[in-house]
Amino acid sequence: MTILSTKNLTKTYGKKTALSQINIEIPRGRIIGLLGPNGSGKSTFIKLAAGLLVPTDGEIIIAGEAPGVDTKAKVSYLSERTYLNDWMRVSEIIAFFEDFYEDFNRIKAENMLKDLNINPDDRLKTMSKGTKEKVQLILVMSRQAQLYLLDEPIGGVDPAARDYILNTIITNYKEDAAVIISTHLIADIEQILDDIIFINQGELVMSSSVDEIREAHNKSVDGLFREVFKC
Amino acid sequence: MKWYIDSDRPIYKQLVEQIELRIISGVYTPGDKLESVREMAMDAGVNPNTMQKALAELERMELVFAQRTSGRFITEDLKVIEEAKKNLAVQEIGAFLEKMKKLGMGRNEILALMEKIEEGEKEDDHIKH
Amino acid sequence: MLGKLIKHETRATSRIFLPLYGALLILTIFTKLALAFGAPDFFSDNVATNPVIEVVLGISFTLYFIAVVALSVMTLVMIIQRFYKNLFTDEGYLMFSLPVKTWELVLSKLLVGLIWSAVCTLMIVISFFILSLGSFTMMDLTQGISMAYTEFYSTFGTSLNVLIFEIMMLIVVSTISSILMIYVSIAIGQLFNQHRIVASFGAYIVITIALQIIGSILMAIFALGNLDAVISQGQDGEAMQMIHLLINGSTLCNVILCVGFYFATQYIMKNRLNLE
Chain A
2 MTILSTKNLT KTYGKKTALS QINIEIPRGR IIGLLGPNGS GKSTFIKLAA
52 GLLVPTDGEI IIAGEAPGVD TKAKVSYLSE RTYLNDWMRV SEIIAFFEDF
102 YEDFNRIKAE NMLKDLNINP DDRLKTMSKG TKEKVQLILV MSRQAQLYLL
152 DEPIGGVDPA ARDYILNTII TNYKEDAAVI ISTHLIADIE QILDDIIFIN
202 QGELVMSSSV DEIREAHNKS VDGLFREVFK C
Chain B
89 MKWYIDSDRP IYKQLVEQIE LRIISGVYTP GDKLESVREM AMDAGVNPNT
139 MQKALAELER MELVFAQRTS GRFITEDLKV IEEAKKNLAV QEIGAFLEKM
189 KKLGMGRNEI LALMEKIEEG EKEDDHIKH
Chain C
239 MLGKLIKHET RATSRIFLPL YGALLILTIF TKLALAFGAP DFFSDNVATN
289 PVIEVVLGIS FTLYFIAVVA LSVMTLVMII QRFYKNLFTD EGYLMFSLPV
339 KTWELVLSKL LVGLIWSAVC TLMIVISFFI LSLGSFTMMD LTQGISMAYT
389 EFYSTFGTSL NVLIFEIMML IVVSTISSIL MIYVSIAIGQ LFNQHRIVAS
439 FGAYIVITIA LQIIGSILMA IFALGNLDAV ISQGQDGEAM QMIHLLINGS
489 TLCNVILCVG FYFATQYIMK NRLNLE
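Protein chains in written order, with this note's numbering: chain A, 2 to 232; chain B, 89 to 217; chain C, 239 to 514.
Derived from the structure by calculation, the hints contain no laboratory data.
Take the hints with a grain of salt, since some may be wrong.
[As the list claims (entries may be wrong)] Pulled from the structure, derived: some chain A residues nowhere near chain C, Cβ distances all over 10 Å:
| hint | residue |
| --- | --- |
| 1 | Gly15 |
| 2 | Asn24 |
| 3 | Asn39 |
| 4 | Asp58 |
| 5 | Asp71 |
| 6 | Ser80 |
| 7 | Thr83 |
| 8 | Pro121 |
| 9 | Gln145 |
| 10 | Ala161 |
| 11 | Ala162 |
| 12 | Ala188 |
[To be verified] Each computed DSS-like pair below joins lysine-lysine, with the alpha-carbon atoms no more than 25 Å apart:
| hint | chain 1 | residue 1 | chain 2 | residue 2 |
| --- | --- | --- | --- | --- |
| 13 | B | Lys90 | B | Lys216 |
| 14 | A | Lys175 | B | Lys121 |
| 15 | A | Lys17 | A | Lys115 |
| 16 | C | Lys242 | A | Lys109 |
| 17 | C | Lys323 | A | Lys133 |
| 18 | A | Lys16 | C | Lys508 |
| 19 | C | Lys323 | A | Lys130 |
| 20 | B | Lys187 | B | Lys167 |
| 21 | A | Lys75 | C | Lys245 |
| 22 | A | Lys175 | B | Lys173 |
| 23 | A | Lys126 | C | Lys323 |
| 24 | A | Lys133 | C | Lys242 |
| 25 | C | Lys242 | A | Lys126 |
| 26 | A | Lys220 | B | Lys101 |
| 27 | C | Lys508 | A | Lys8 |
| 28 | A | Lys133 | C | Lys508 |
| 29 | A | Lys75 | C | Lys270 |
| 30 | C | Lys508 | A | Lys17 |
| 31 | A | Lys126 | C | Lys245 |
| 32 | C | Lys323 | A | Lys16 |
| 33 | A | Lys220 | B | Lys90 |
| 34 | C | Lys339 | C | Lys270 |
Quick caveat: nothing in here was measured; it's all calculated off a predicted structure.
Heads up, the beta-carbon is just placed ideally off N, CA and C, and yes, glycines get one too.
Looking at chain A on its own, in the form it has when it is part of the complex:
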């Protein structure tokens, strides 16, 4: 059962083409790595799926609908940016998510905060960037969404937290949900991926399961990536 599909998905900004004719199908119950060099169009793809951008051409369908209010309720998006209001306390942003998202699980969020030693009464502006990113991740993963879009979830985080995050993604696994992880830190997340999508210069270069790659090329996805995208 497909959760996300695109047909000739294209996004251009004036003369610049960010994504061109992307055709993919993403089934539920899979963890997918969206991989590619910087500026390849990964973020653009994720934003299109999150409903933050409108396609220039082609279409993107999530759970049978074009991105809009209904899909946003089913999609949990972690942006690369820190998008939280600085003046709020952690407890307030939790209340905010609970207010707007029916599928938000407060208890799960509070447990994760405890695991990572984050005090709910702290104000976001007093936290380090790394801690804010952890809070954002907790908020996103505490939702029972059908599609999780994680844009660089382990980028600015220390190795121990990184393991915790990967672990959370595994534990959070649901058969009816898909997780798309956009990252360039492939070696760290390979183990948890089912499939990968390689994007370069706005185009789909490869779409395959990770095992197919390992068997066909006798190397890790990270190894293959380095080869394909050698500078």
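Position chains B and C relative to chain A; hints supplied.
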């Protein structure tokens, strides 16, 4: 429990190998109940789908069987485990002999060296006690 | 969802406004008390005032005026900042991911901005009232008001209420159109890849100039069409008619602007969003 995962090969195969080894070496005893797929996946740090694939393969190999409501169990059929043990040993020996051939060691040389090493180990044991 | 957005918006802005209103009230009361006890005859010419009190009052009044100005400026700044910062900077990633419609985002900010503008005006009026307490009695006030009504009626034949209502409508609608004009300028700025803030200011200036030009043309046409009323200099019913026409005409123009600005803002946010 430590899992050794290498990204260069399909991970589910590595999981199959390591679980098989644990069954053969007795870490998992016949009839043992395995944890849920999710728990095992978490323990190994891998995708639940991958662990599921590994367990399915082990079921196919008849080392593991599933009871619909109660979960997965290690087989109690000792013959199957013996077979697996033998197959694994054969594989390891085969690989070992290959390597020795590359070193240019003949059969008698290998046996003599093996005895010597075993003597040395026995002596060490004596000294310790 | 709209209600929740309004709730959130109010919470985000009250933390700035309530302390300011508090400060204004305190300053007002302090000034009033200083006047009442230290210099009860401050406003009459004959009595000299204690120099110390004069200094205190001087400082107090200055602070008071600063507070009034700060409050007004802050209201405007907040309207701009809430729209820009919350929707078009990093926070926008959160807001636009919410399962809410674009118009709900715009409307929630518009309504809260409008309410704060009204409250700001109200607070200033109340503080003026407090300051001027005692220099007239309630009797004076009610007498003055009823006199205004009666004179108006005898001169123009209609109730003053109608005029007041029309003026209030104009004030409300033009406040809304001012806010929406700010919003659409910010939205237009977002169409550019670089120098978005400069582009927003540019858009605002261009729209202002365009409106001035159109406004002048309309006024000229209006005046020409009502020359007799202009000449008669307002002592009869025709002049009042013209004034009504002018006020309601402006209100209508503002409504048109509101609709135009609103849909333009909506369109840009829905179809041309490009968060950096």
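Results for each hint:
With 10 Å as the threshold on Cβ separation, the claim that Gly15/A sits away from chain C is violated: the shortest Cβ distance comes to roughly 8 Å. Remark: the non-interface label on Asn24/A is consistent with the geometry, its nearest Cβ contact in chain C lying 23 Å away (cut-off 10 Å). For Asn39/A, the shortest C-beta to C-beta distance to chain C comes to about 15 Å, beyond the 10 Å cut-off, and the non-interface label holds. The non-interface label for Asp58/A is consistent with chain C: the shortest C-beta to C-beta separation is roughly 14 Å, beyond 10 Å.
Taking the minimum C-beta to C-beta distance to chain C, about 7 Å, the non-interface status of Asp71/A is violated against the 10 Å cut. At roughly 4 Å, the least C-beta separation between Ser80/A and chain C is not larger than 10 Å, which violates its mark as non-interface. For Thr83/A, the non-interface assignment is contradicted: its Cβ lies about 6 Å from the closest Cβ of chain C, within the 10 Å cut-off. The beta carbon of Pro121/A sits about 17 Å from the closest Cβ of chain C, which is more than 10 Å, so the claim that it is off the interface holds.
Its beta-carbon lying about 14 Å from the closest one in chain C, Gln145/A satisfies the requirement of being farther than 10 Å from that chain. Even its closest Cβ contact with chain C, about 26 Å, leaves Ala161/A beyond 10 Å, as expected for a residue assigned away from the interface. Distance check on Ala162/A: its Cβ is at least 21 Å (rounded) from any Cβ of chain C, clearing the 10 Å threshold; non-interface status holds. No Cβ of chain C comes within 10 Å of the Cβ of Ala188/A; the nearest lies about 27 Å off, and the non-interface call holds.
The straight-line distance between the Cα atoms of Lys90/B and Lys216/B is roughly 29 Å, outside the 25 Å bound, and the hint therefore fails. For the suggested pair Lys175/A and Lys121/B, the alpha carbons sit about 23 Å apart, so the restraint of at most 25 Å is met. Distance restraint check for Lys17/A and Lys115/A: the Cα-Cα separation of roughly 45 Å exceeds the 25 Å cut-off, and the hinted pair is therefore not satisfied. Between the alpha carbons of Lys242/C and Lys109/A the distance comes to roughly 23 Å, so the proposed pair stays at or under 25 Å and holds.
A hinted pair counts as satisfied when its Cα atoms are at most 25 Å apart, and Lys323/C with Lys133/A qualifies at roughly 18 Å. For the hint linking Lys16/A to Lys508/C, the alpha-carbon distance of about 21 Å falls within 25 Å, and the restraint holds. Between Lys323/C and Lys130/A, the direct Cα distance comes to roughly 19 Å. Compliance with the 25 Å bound is thereby established for this hinted pair. A hinted pair counts as satisfied when its Cα atoms are at most 25 Å apart, and Lys187/B with Lys167/B does not qualify at roughly 30 Å.
Using a Cα cut-off of 25 Å, the hinted pair Lys75/A and Lys245/C holds, with the two alpha carbons roughly 23 Å apart. Between Lys175/A and Lys173/B, the direct Cα distance comes to roughly 36 Å. Violation of the 25 Å bound is thereby established for this hinted pair. With a C-alpha separation of about 16 Å, the suggested pair Lys126/A and Lys323/C falls inside the 25 Å cut-off, and the hint holds. Straight-line distance between C-alpha atoms of Lys133/A and Lys242/C comes to about 24 Å, which keeps the hinted pair within the 25 Å bound.
The straight-line distance between the Cα atoms of Lys242/C and Lys126/A is roughly 23 Å, inside the 25 Å bound, and the hint therefore holds. A C-alpha spacing of about 14 Å is found between Lys220/A and Lys101/B, which places the hinted pair at or below 25 Å, so the restraint holds. A threshold of 25 Å between alpha carbons decides the hint, and for Lys508/C with Lys8/A the separation of about 21 Å falls inside it, so the pair holds. Proximity of Lys133/A to Lys508/C is assessed by CA-CA distance (about 28 Å); at most 25 Å being required, the pair is judged violated.
Only pairs whose Cα atoms come within 25 Å are accepted, and Lys75/A paired with Lys270/C is rejected, the gap being roughly 57 Å. Restraint check: the Cα-Cα separation between Lys508/C and Lys17/A comes to about 21 Å, which is no more than 25 Å; the hinted pair holds. Restraint check for Lys126/A and Lys245/C: satisfied, since their Cα atoms lie roughly 22 Å apart, inside the 25 Å limit. A hinted pair counts as satisfied when its Cα atoms are at most 25 Å apart, and Lys323/C with Lys16/A does not qualify at roughly 28 Å.
With a C-alpha separation of about 23 Å, the suggested pair Lys220/A and Lys90/B falls inside the 25 Å cut-off, and the hint holds. With a C-alpha separation of about 48 Å, the suggested pairing of Lys339/C with Lys270/C is violated against the 25 Å cut-off.
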